[in-house]
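Visitor: Those sequence lines, one after another, are chains A and B. With my numbering applied, the first sequence corresponds to residues 1 to 113, in that order. With my numbering applied, the second sequence corresponds to residues 1 to 112, in that order.
FYI, nobody ran anything at the bench for these hints, they're computed from the structure. There may be inaccurate statements among the hints.
Label pairs and their calculated CB-CB ranges [what the hints assert, rightly or not]:
1) A:17 - B:70: 37 to 45 Å
2) B:64 - A:30: 39 to 47 Å
3) B:18 - A:96: 37 to 45 Å
4) A:8 - B:66: 35 to 43 Å
5) B:58 - A:54: 31 to 39 Å
6) B:109 - A:96: 31 to 39 Å
7) A:65 - B:5: 26 to 34 Å
8) B:83 - A:97: 16 to 24 Å
9) A:62 - B:58: 35 to 43 Å
10) A:50 - B:7: 30 to 38 Å
11) A:97 - B:80: 45 to 53 Å
12) B:17 - A:79: 45 to 53 Å
13) A:61 - B:42: 40 to 48 Å
14) B:30 - A:96: 17 to 25 Å
Note that CB positions come from ideal geometry on N, CA and C, so glycine has one too.
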Amino acid sequence: NAGVTQTPKFRILKIGQSMTLQCAQDMNHNYMYWYRQDPGMGLKLIYYSVGAGITDKGEVPNGYNVSRSTTEDFPLRLELAAPSQTSVYFCASGPRRDSNEQFFGPGTRLTVL
Amino acid sequence: AQSVTQLDSQVPVFEEAPVELRCNYSSSVSVYLFWYVQYPNQGLQLLLKYLSGSTLVKGINGFEAEFNKSQTSFHLRKPSVHISDTAEYFCALTGGGNKLTFGTGTQLKVEL
Numbered sequence: 001n002a003g004v005t006q007t008p009k010f011r012i013l014k015i016g017q018s019m020t021l022q023c024a025q026d027m028n029h030n031y032m033y034w035y036r037q038d039p040g041m042g043l044k045l046i047y048y049s050v051g052a053g054i055t056d057k058g059e060v061p062n063g064y065n066v067s068r069s070t071t072e073d074f075p076l077r078l079e080l081a082a083p084s085q086t087s088v089y090f091c092a093s094g095p096r097r098d099s100n101e102q103f104f105g106p107g108t109r110l111t112v113l
Numbered sequence: 001a002q003s004v005t006q007l008d009s010q011v012p013v014f015e016e017a018p019v020e021l022r023c024n025y026s027s028s029v030s031v032y033l034f035w036y037v038q039y040p041n042q043g044l045q046l047l048l049k050y051l052s053g054s055t056l057v058k059g060i061n062g063f064e065a066e067f068n069k070s071q072t073s074f075h076l077r078k079p080s081v082h083i084s085d086t087a088e089y090f091c092a093l094t095g096g097g098n099k100l101t102f103g104t105g106t107q108l109k110v111e112l
């Protein structure tokens, strides 16, 4: 199993540009998540999904959109990039269990200039 | 509401010395607790978890943690650290729902 994969690894965007961060998992997990990590702030949940076709907002959803058309894929869309979206983005997935263990991808480092 | 507090943002320690990374939590419901490790430029990796049963939990790489309900703590310990343990460590919890709440992380720096 490849686990959770993310592309790209790095990206520089100009203000106002848009892009999609890709996330895929091959563990047949129902739950998938997008986090952003900023220095000294820990991880903040952007969006999550409990299954194909079902998504919901996390703590910091503004400026982002998601979709979940398949169990495997959970892309994150930035429509109008802003400097405040400079961050490291992590995708995670987990099985449907009360323990809610999550498995993380390697991350995408995004800079908006 | 739930929260996780990691008061120490950085912990320097010499190689082969013991270390304790502190984690306190707040929750109105029973919790599951986790420690994750993040090596430089990598994603998070599960170190150990407490779900139920024995309050002393052993994880990978010689780490262990003790769940203390009365003190609402889940401190991480290792009796002898190695230079390769240099990383950021995150404590997290869930109340049985489908979302994790993370602490702000503790940077462990192991020096020779």
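Visitor: Taking the hints in turn, state whether each one holds.
Guide: Checked hints:
no., hint, result
1, A:17 - B:70: 37 to 45 Å, "violated, 52 Å"
2, B:64 - A:30: 39 to 47 Å, "violated, 30 Å"
3, B:18 - A:96: 37 to 45 Å, "holds, 38 Å"
4, A:8 - B:66: 35 to 43 Å, "holds, 40 Å"
5, B:58 - A:54: 31 to 39 Å, "holds, 36 Å"
6, B:109 - A:96: 31 to 39 Å, "holds, 38 Å"
7, A:65 - B:5: 26 to 34 Å, "holds, 32 Å"
8, B:83 - A:97: 16 to 24 Å, "violated, 35 Å"
9, A:62 - B:58: 35 to 43 Å, "holds, 41 Å"
10, A:50 - B:7: 30 to 38 Å, "holds, 33 Å"
11, A:97 - B:80: 45 to 53 Å, "violated, 33 Å"
12, B:17 - A:79: 45 to 53 Å, "holds, 49 Å"
13, A:61 - B:42: 40 to 48 Å, "violated, 26 Å"
14, B:30 - A:96: 17 to 25 Å, "holds, 19 Å"
Hint check: violations occur at hints 1, 2, 8, 11 and 13; the rest are consistent with the structure.
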